[in-house]
Amino acid sequence: MPVTTLDGHAVHVDAEGFLTDPAEWDESLADVLAERIGLTLTDEHRAVLRFLRADFTARGETPTLRRASLGTGIPVKALFGLFPQKPAKKMAYVAGLPKPHGCV
Amino acid sequence: MTHRLVVLGAGTAGTMVVNRLRRRLDPLEWDITVVDRDDAHPYQPGFLFLPFGRLRARDLVRSRHAFVTDGVELVLGEVDRVDPDGRTVTLTDGRRLGYDYLVIATGASPRPDQTPGMLGPQWRRSIFDFYTLDGAQALADALVAFPGGRLVVHIVETPIKCPVAPLEFTFLVDDWLRRRGLRERTELVYVTPLSGAFTQPIASDRLGSMLAERSVTVETDFLVERVDADARTLVSYDEREVPFDLLVTVPLHMGADYVGRSGLGDELNFVPVDRHTQLSTAHRDVFALGDASDIPASKAGSVAHFSVDVFVDNFLEHVAGRPMTRAFDGHANCFVESGAGRGLLIDFNYDTEPLPGRYPLPVGPLSLLKETRANHLGKLAFRWLYWNVLLPGRPMPLPSHMSMVGKSVPATPATAATR
Ligand SMILES: Cc1cc2nc3c(=O)[nH]c(=O)nc-3n(C[C@H](O)[C@H](O)[C@H](O)COP(=O)(O)OP(=O)(O)OC[C@H]3O[C@@H](n4cnc5c(N)ncnc54)[C@H](O)[C@@H]3O)c2cc1C
Numbered sequence: 735m736p737v738t739t740l741d742g743h744a745v746h747v748d749a750e751g752f753l754t755d756p757a758e759w760d761e762s763l764a765d766v767l768a769e770r771i772g773l774t775l776t777d778e779h780r781a782v783l784r785f786l787r788a789d790f791t792a793r794g795e796t797p798t799l800r801r802a803s804l805g806t807g808i809p810v811k812a813l814f815g816l817f818p819q820k821p822a823k824k825m826a827y828v829a830g831l832p833k834p835h836g837c838v
Numbered sequence: 015m016t017h018r019l020v021v022l023g024a025g026t027a028g029t030m031v032v033n034r035l036r037r038r039l040d041p042l043e044w045d046i047t048v049v050d051r052d053d054a055h056p057y058q059p060g061f062l063f064l065p066f067g068r069l070r071a072r073d074l075v076r077s078r079h080a081f082v083t084d085g086v087e088l089v090l091g092e093v094d095r096v097d098p099d100g101r102t103v104t105l106t107d108g109r110r111l112g113y114d115y116l117v118i119a120t121g122a123s124p125r126p127d128q129t130p131g132m133l134g135p136q137w138r139r140s141i142f143d144f145y146t147l148d149g150a151q152a153l154a155d156a157l158v159a160f161p162g163g164r165l166v167v168h169i170v171e172t173p174i175k176c177p178v179a180p181l182e183f184t185f186l187v188d189d190w191l192r193r194r195g196l197r198e199r200t201e202l203v204y205v206t207p208l209s210g211a212f213t214q215p216i217a218s219d220r221l222g223s224m225l226a227e228r229s230v231t232v233e234t235d236f237l238v239e240r241v242d243a244d245a246r247t248l249v250s251y252d253e254r255e256v257p258f259d260l261l262v263t264v265p266l267h268m269g270a271d272y273v274g275r276s277g278l279g280d281e282l283n284f285v286p287v288d289r290h291t292q293l294s295t296a297h298r299d300v301f302a303l304g305d306a307s308d309i310p311a312s313k314a315g316s317v318a319h320f321s322v323d324v325f326v327d328n329f330l331e332h333v334a335g336r337p338m339t340r341a342f343d344g345h346a347n348c349f350v351e352s353g354a355g356r357g358l359l360i361d362f363n364y365d366t367e368p369l370p371g372r373y374p375l376p377v378g379p380l381s382l383l384k385e386t387r388a389n390h391l392g393k394l395a396f397r398w399l400y401w402n403v404l405l406p407g408r409p410m411p412l413p414s415h416m417s418m419v420g421k422s423v424p425a426t427p428a429t430a431a432t433r
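Protein chains in written order, with our numbering: chain P, 735 to 838; chain H, 15 to 433.
Just chain H, same shape as in the assembly:
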């Protein structure tokens, strides 16, 4: 009898996983289907550069078909619902797909509709996001026309994709304003629901001082209640107000609505899973990978990549009726653009916060938590690696588990408690 694996979402995680599993599952025994709503796969990390005119939209989008290997069926359609008891996926056009195993990889999306006042008359006039292709493009036009004033970078709530991206945007916009002679006329403000620049103490200190060096005002513990579009002001639950001339916000992130409708999600439509195997806590035949799950790791392509490594081996054991023996450790690594052609690299997992030191690579080590030209070039090179190595599921010379090699461990371990 043939088994049916259905993967929902042909983004970073979904594409990698079908390509990797097609090589490991016998085509005579396994049908693999992957569903996505459209045939345009964006390289999302590139959205960061669009507002500064450094890349064009057409550089960032490719056909999904080109990246899904032969032997995997790509179905284009919007998922409407999953019936986990009947093991069926229904698409909005009425098509039905039965499955024996389901992988949910429909990611997370910014939801400006969830903050009162955000989608009002000022949306894409003075309020922008850069987490979508059209948002990033609209912001590019707004920046070119920006005469100076109060520019506010804002995060509604965590978790968000690539949690360092709003910091990167701030560093890049600072650099961009300087080059255009507008920095003196601009007040840059960074508004965050966190108690510091970032979640983890050592990185938060480092990134926080980088904001201070750039004269960026930081407003912490700010939980936005609404946007007063007429007054161009962010209002928090504890009644603080932050006025803006130009607001660059990162809206609330949620998993896909069908996840909630199907009873498979938490309050933000993220799928509760075991953090080491990504098996659903409710269904033995459902997994969630990438941004769609509720694991307490960064919502990042690097996490998707490392976790898929672990998942593929585990899945083969699981379907053979054996216990899953590999455990994902929450490993993430992210390049952080810091402006002026430099960047940082951070590497961490569930238990170890980002530490300074060196990250060993076959081509020579990169510096951790330090601004260097090499890290910036690494970030740029990643686009090529994404299309040519990562998505096709070719082996990357990076171990999926985080390694302590090269990292400097502080003498007294800093804990979140110290602040």
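Excised from the complex, chain P in its bound form:
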């Protein structure tokens, strides 16, 4: 896996830029990742990221949009507002988690 440096953080990423080691993530890196996809994080974004991180730690898998919505109480529609177009992918990217595998 290639190593890249993001604003002083050396991290392992896959070809699409998703972090491959979730342990290399912290909240300050989230801002850097968000900026790269044109987002500025608000408290609401951060609440979503915290849920994603906690759920990933508990289950070993990036949660789906439906699960993130239930877990945070934020309606799916609002998640589309926070992470436009491809919310499931964008949330995972900013949270430093593997890309959600669209289920086989």
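Among the clues, some could well be false.
Here are the simulated DMTMM-like pairs of lysine to aspartate or glutamate, each with C-alpha atoms no more than 25 Å apart in a straight line [said to hold, decoys possible]:
(1) K824(P) - D280(H)
(2) K824(P) - E239(H)
(3) K820(P) - D219(H)
For each label pair, taking beta carbons as the anchor points, the in silico distance ranges come out as [to be verified]:
(4) T106(H) - S762(P): 49 to 59 Å
(5) V766(P) - R199(H): 31 to 41 Å
(6) R298(H) - V737(P): 15 to 25 Å
(7) H835(P) - S422(H): 53 to 63 Å
(8) V737(P) - V89(H): 32 to 42 Å
Source of the hints: derived by calculation from the structure; they are not laboratory data.
Given the structure is predicted, the values throughout are model-derived calculations rather than measurements.
In this text, a Cβ means the ideal position worked out from N, Cα and C, and glycines have one as well.
Here the structure of chain P is known, so what remains is to put chain H with the ligand in place on it, guided by the hints.
Then chain H with the ligand, alone, in the frame of chain P:
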């Protein structure tokens, strides 16, 4: 003392597992009970052909009793609740079944009630599904009366049973419309929540170009928020609209409601299990097999079959107090009907995506990811194998683990990341 194994659901997985375990567990030591709500076992892969009048409903349904071996008790009743601490299953009529080990095999069902507007006045008028027997039959009537227009094939959300079935339906309906001289007058649209025709890159490319060759418009990353039945339009969360004259949708899939009520499920009522042993992550005496579990594999009969192979050996070790030594690899193989009497075959597991090449079989190899007549015949032959070999739990000449023999591995491994 006798041990009690209770299996919930006498569908593909439940039937196979009781038949296989009855031969391996001493009848003096083990009672085996399997519960289902009715005595009609459908061959679900056949639903794909009903809309085109190629099979009749009565060709697809048999009595469950006929497939459950002697020495296994088949209880007909609706499961209401499981009490995992009291190790008891309660049926809606009040009957109670105690267990020492429980296998949840109640599958997944399409839930049109979960998408606002779907079950409105247009349900089974211009909105159909083919994932149920009555849905597929109603669609057959609608297709015969279809004069042309916008025909939209749609998937609400993954996971769904047999993830290639909506593609197969699209290929078959394209072929059917051509034969009836209606293809010129029909705009065919494929609407998916995925970013391509299928999840895995190589298969997605192949299947995507097959859609393009058939002039099917593909709308990707479409997450439906509601159906506007009056306007006959699908509306997505990001406010895209797809109008239709005839909608063939694959509704959201969920595990059985009792799973949720009993605190045994995730947000879609699928049972969280270890992906290699299918033992519940919460209870040491509960397993989930087939579509009912949350393993990241296809919800397919082939997966149920390969995983039951692994499960039976593991279960014997588990009840003897030994560690389970076999690990299920997520192996799936699916025939994909492509119309005009041809089909593809795909073979994959948790780690290896569907690849081109050849699939070795005792009767001669089949081509992978390529349209051939032999694959179509394989798909048709499967119905016979299902009733006569698979359900009775007779040995199939197919290894449960995926094999790389015959597969062509791309020089630079394609990853999902490349798109
Ligand atoms: C249109 C279509 C095409 C398909 N094509 C293919 C294919 O080509 N290849 C392939 O491998 N797979 C295919 N499949 C998928 C395959 O049919 C399923 O994956 C397989 O049947 C799953 O087996 P299962 O035992 O988990 O669930 P099922 O076979 O669905 O059995 C579940 C059982 O549980 C019972 N049940 C549920 N809830 C309760 C309750 N509360 N109380 C009592 N009983 C209950 C149900 O009555 C049912 O009998 C297809 C499915 C569909 C719908």
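(request) Given the hint that K824(P) pairs with E239(H), test it: the Cα-Cα distance must not exceed 25 Å. (result) Status holds; Cα separation ~19 Å.
(request) Determine whether the Cβ-Cβ distance between V766(P) and R199(H) falls within the hinted range of 31 to 41 Å. (result) Violated: the Cβ-Cβ distance is about 53 Å, outside 31 to 41 Å.
(request) May I ask you to test the hint 49 to 59 Å on the CB atoms belonging to T106(H) and S762(P)? (result) Distance hint for T106(H), S762(P) holds at roughly 54 Å.
(message) Given the hint of 15 to 25 Å, is the C-beta distance from R298(H) to V737(P) inside that range or not?
(response) With a Cβ separation near 41 Å, R298(H) and V737(P) fall outside 15 to 25 Å, so the hint is violated.
(request) Go ahead and decide if the range 32 to 42 Å is satisfied by the Cβ distance of V737(P) to V89(H). (result) Given a distance of about 58 Å, which is not inside 32 to 42 Å, the answer is violated.
(message) For a C-alpha distance cap of 25 Å, please report whether K820(P) and D219(H) respect it.
(response) 20 Å, holds
(message) Please check whether H835(P) and S422(H) have a Cβ separation lying inside 53 to 63 Å.
(response) At roughly 23 Å between Cβ atoms, S422(H) and H835(P) fall outside 53 to 63 Å, so the hint is violated.
(message) Check whether the Cα positions of K824(P) and D280(H) lie no farther apart than 25 Å.
(response) Given that 25 Å is the threshold and the Cα spacing comes to 23 Å, the pair holds.
The structure is inconsistent with the numbered hints 5, 6, 7, 8, although it conforms to all the rest.
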